[in-house]
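Residue strings, one per chain:
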Amino acid sequence: MNKKIAKILTLTATIALFFLYIYPFILVVINSFKDRASVIRDPMSLPDSLDFSNFFAAYTTMDFTTAVINSIMVTTISIVLIIFFASMLAYFLQRWDWKINKTIFTVLVLSMIIPFQVVMLPFVVIYGSVFGVLDSLPTLIFAYLGFGVAQSTFLYHGFIKSIPRELEEAAAIDGAGRIRTFFQVVFPILKPITSTIAILNVLWIWNDFLLPSIVITSASNRTIPLSTFAFFGRFTADFGVAMAGLLLAIIPIIAFYLVLQKHIIKGISDGAIK
Amino acid sequence: MYNQKKLPDKILIFVLFAAVPIFAFVAIVIAPFLLGLYMSFTDIGTVINFEFIGFSNWERAFASSRFWNSFGVTVRFVAAVVILGNVFGFLLALLVTSGIKFQNLFRAGFFTPNLIGGIILGYIWQFLFLRMLPYFGNVVGIPFLQSSWLADPVRAFWALVVVSVWQSSGYMMIIYIAGLASINKSLLEAASLDGAGYFRQLLSIKMPLMIPAFTICLFLTLRNSFMIYDLNLALTNGGPFMSTEMVTLAIFNEAFANRNFGVAQVQALILFVVIATVTLTQVGFFKKREVEE
Numbered sequence: 001m002n003k004k005i006a007k008i009l010t011l012t013a014t015i016a017l018f019f020l021y022i023y024p025f026i027l028v029v030i031n032s033f034k035d036r037a038s039v040i041r042d043p044m045s046l047p048d049s050l051d052f053s054n055f056f057a058a059y060t061t062m063d064f065t066t067a068v069i070n071s072i073m074v075t076t077i078s079i080v081l082i083i084f085f086a087s088m089l090a091y092f093l094q095r096w097d098w099k100i101n102k103t104i105f106t107v108l109v110l111s112m113i114i115p116f117q118v119v120m121l122p123f124v125v126i127y128g129s130v131f132g133v134l135d136s137l138p139t140l141i142f143a144y145l146g147f148g149v150a151q152s153t154f155l156y157h158g159f160i161k162s163i164p165r166e167l168e169e170a171a172a173i174d175g176a177g178r179i180r181t182f183f184q185v186v187f188p189i190l191k192p193i194t195s196t197i198a199i200l201n202v203l204w205i206w207n208d209f210l211l212p213s214i215v216i217t218s219a220s221n222r223t224i225p226l227s228t229f230a231f232f233g234r235f236t237a238d239f240g241v242a243m244a245g246l247l248l249a250i251i252p253i254i255a256f257y258l259v260l261q262k263h264i265i266k267g268i269s270d271g272a273i274k
Numbered sequence: 001m002y003n004q005k006k007l008p009d010k011i012l013i014f015v016l017f018a019a020v021p022i023f024a025f026v027a028i029v030i031a032p033f034l035l036g037l038y039m040s041f042t043d044i045g046t047v048i049n050f051e052f053i054g055f056s057n058w059e060r061a062f063a064s065s066r067f068w069n070s071f072g073v074t075v076r077f078v079a080a081v082v083i084l085g086n087v088f089g090f091l092l093a094l095l096v097t098s099g100i101k102f103q104n105l106f107r108a109g110f111f112t113p114n115l116i117g118g119i120i121l122g123y124i125w126q127f128l129f130l131r132m133l134p135y136f137g138n139v140v141g142i143p144f145l146q147s148s149w150l151a152d153p154v155r156a157f158w159a160l161v162v163v164s165v166w167q168s169s170g171y172m173m174i175i176y177i178a179g180l181a182s183i184n185k186s187l188l189e190a191a192s193l194d195g196a197g198y199f200r201q202l203l204s205i206k207m208p209l210m211i212p213a214f215t216i217c218l219f220l221t222l223r224n225s226f227m228i229y230d231l232n233l234a235l236t237n238g239g240p241f242m243s244t245e246m247v248t249l250a251i252f253n254e255a256f257a258n259r260n261f262g263v264a265q266v267q268a269l270i271l272f273v274v275i276a277t278v279t280l281t282q283v284g285f286f287k288k289r290e291v292e293e
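From first to last, the protein sequence lines stand for chains X and C. First residue of the first sequence? That's 1 in our numbering, and the numbers climb one at a time after it. First residue of the second sequence? That's 1 in our numbering, and the numbers climb one at a time after it.
Worth flagging that the hints you see were computed from the coordinates, not collected in a lab. All figures in this text were calculated on a predicted structure; none of them were measured in a lab. Virtual Cβ for every residue (Gly too), placed ideally from N, Cα, C. Among the hints, erroneous ones may be present.
As the list claims (entries may be wrong) - With a cut-off of at most 30 Å between alpha-carbon atoms, the simulated DSS-like pairs for lysine-lysine come out as follows:
#1 X:K102 - C:K287
#2 X:K7 - X:K161
#3 C:K5 - X:K102
#4 X:K99 - X:K7
#5 C:K287 - X:K7
#6 C:K206 - X:K99
#7 C:K5 - X:K4
#8 X:K3 - C:K288
#9 X:K266 - C:K5
#10 C:K10 - X:K191
#11 C:K6 - C:K101
#12 X:K266 - X:K7
#13 C:K10 - X:K266
#14 X:K99 - C:K288
#15 X:K266 - X:K191
#16 C:K185 - X:K262
#17 C:K101 - C:K10
#18 X:K161 - X:K191
#19 C:K287 - C:K206
#20 C:K101 - C:K5
#21 X:K4 - X:K102
#22 C:K101 - X:K161
#23 X:K102 - X:K7
As the list claims (entries may be wrong) - Reference excerpt, derived from the structure (chain X facing chain C, CB under 7 Å, subset only):
#24 I22
#25 P24
#26 R95
#27 V149
#28 N207
#29 N221
#30 P225
#31 F229
#32 A255
#33 Y257
#34 V259
#35 G271
#36 A272
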């Protein structure tokens, strides 16, 4: 009997907490359909009708199409590059026991606790004042490769350690070159950790604000966080439109989550534990 | 296969596998890091010149009361978020692994805030603190909700803590769930046969065996809350009256509003030394206490 009561109590507490945790999102949804006056009058009530005009207003002001295309481009290309180069680097550092490789690996690992602020100003000096290549998406992508390579190499390195060398040696005897051996024999085995790395990097790059806010200046290069930032300040008086904009901004990543939920949760826990 | 003796062979291997990522890493992380050390001793401001001026930036950085105020706010913030974020994260993990129904749905819901960046989360909660909570406070008659939290220095600080805990606890929950799942069930059954109740098992078996999960979660919450920027900018922008300006925001303003690159660079280096010392000490301390089954 006691066990049953405990179970009901646990379930009730969890439902209450669950509601509290997602309530901010519910609030965004219901207010995105309201006009200015009804948001002020009662921010907690349901909207009277499903009026989409706030979304149209937000969509145009944010230039949402451009922002989504930029975000998708920057995120995908950066992640493909990170996966391609970090897996090869990790393989190299793991399999060839040159003296310098230990040093390279240690520097990579230690670099993970450098706060962005430490490299932010020199970054602006080098890429802005000296080379003048800021306000470009390729520069942003290259920066993500540079900042992302350490963590991904670290995760690949741990995984490759557990793969026996026999497979590669067999491939080499069959006459496969080094690059082919890596891509045809080793890379497919890395699939589980590759998906973990892809997920961790999607969540980072898609949502990142500070780096793009320093690299990008023109409106046509904005990613979603940047266009949200530029948009929101102008709409604090009209919260209905502001909420519609926020909802638009979170729809893509929520859709991504709904499709890949299991992989994402697994990726987070695998990535943290390794 | 992995022991080329000749130099050209070695160079070929390096170029094939390592040259590009190492170049990107050096260009984006190492070179700016080293230049940053140098910059802290130069007169770099609105114009780019690298005149060596000794320790004057360091003196100004250490003398800046704005910086040390922001440091104090950050330390209090880190303490609150590390404690509450992990308490809630652990609690959520216990709840969703207790065998209740819909646990996958709950897990997914608690994790959701982590999908979204600090800027958007900050704006969502700005609306909550400006509009919804005062409204709710007036309807229900709760005095401390009736005026906006963001207008009051103390409550604005706690607003930042609430949002950070709300976000980080879902992430920590995932790691604690993995920690709980890794515990050998037979140990718990044996303890149960010996008459150990729920809390006894939790304190004497589960928690000691989960030290690796605590190591990671404390590390992540420490590092992330020291580095908080987006949420700070979007929710309070340091206000009211700079009472909630954290170190990262102070550094940004010193650099781009006051145009003092050199001083801001020194402050960033101080932040780095503090984060490195705190996290490395914490990880070392916990690694020593990890136990085998």
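Quiz item: Quick one, are K287 of chain C and K7 of chain X close enough, alpha carbons at most 30 Å?
Solution: violated (35 Å)
Practice problem: Verify the interface restraint on F229 of chain X: the C-beta must sit less than 7 Å from at least one C-beta of chain C. | Solution: holds (5 Å)
Quiz item: K185 of chain C and K262 of chain X: Cα distance at most 30 Å?
Solution: With Cα atoms ~24 Å apart, K185 of chain C and K262 of chain X stay inside 30 Å; holds.
Quiz item: Between K206 of chain C and K99 of chain X, does the CA-CA distance stay at or below 30 Å?
Solution: Given that 30 Å is the threshold and the Cα spacing comes to 41 Å, the pair is violated.
Exercise. Verify the proposed pairing of K101 of chain C with K5 of chain C, using a straight-line Cα cut of 30 Å.
Key: Violated: K101 of chain C and K5 of chain C sit about 62 Å apart, past 30 Å.
Self-check item: Pair hint outcome, K99 of chain X versus K288 of chain C [Cα-Cα no greater than 30 Å]
Solution: Distance ~28 Å between K99 of chain X and K288 of chain C Cα, so the pair holds.
Practice problem: Would you settle whether the hint for P24 of chain X is holds or violated, based on the nearest Cβ-Cβ distance to chain C being less than 7 Å? | Solution: holds (5 Å)
Quiz prompt | Given hint I22 of chain X near chain C, where the shortest CB pair must fall under 7 Å | solution = holds (5 Å)
Practice problem: For the hint on V149 of chain X, just tell me whether its beta-carbon gets within less than 7 Å of chain C. | Solution: Cβ of V149 of chain X sits 5 Å from chain C, so the hint holds.
Quiz item: Between K7 of chain X and K161 of chain X, is the straight-line Cα distance small enough, at 30 Å or below?
Solution: Distance ~44 Å between K7 of chain X and K161 of chain X Cα, so the pair is violated.
Quiz item: Given the hinted pair K10 of chain C and K191 of chain X, is their alpha-carbon gap at most 30 Å?
Solution: holds (28 Å)
Quiz item: Taking 30 Å as the top limit, are the C-alpha atoms of K10 of chain C and K266 of chain X close enough?
Solution: Answer violated: K10 of chain C to K266 of chain X is near 38 Å, above 30 Å.
Checked against the numbered hints above, the structure violates hints 2, 4, 5, 6, 7, 8, 9, 11, 13, 17, 20, 21, 22, 23, 29, 32, 34, 35; every other hint is satisfied.
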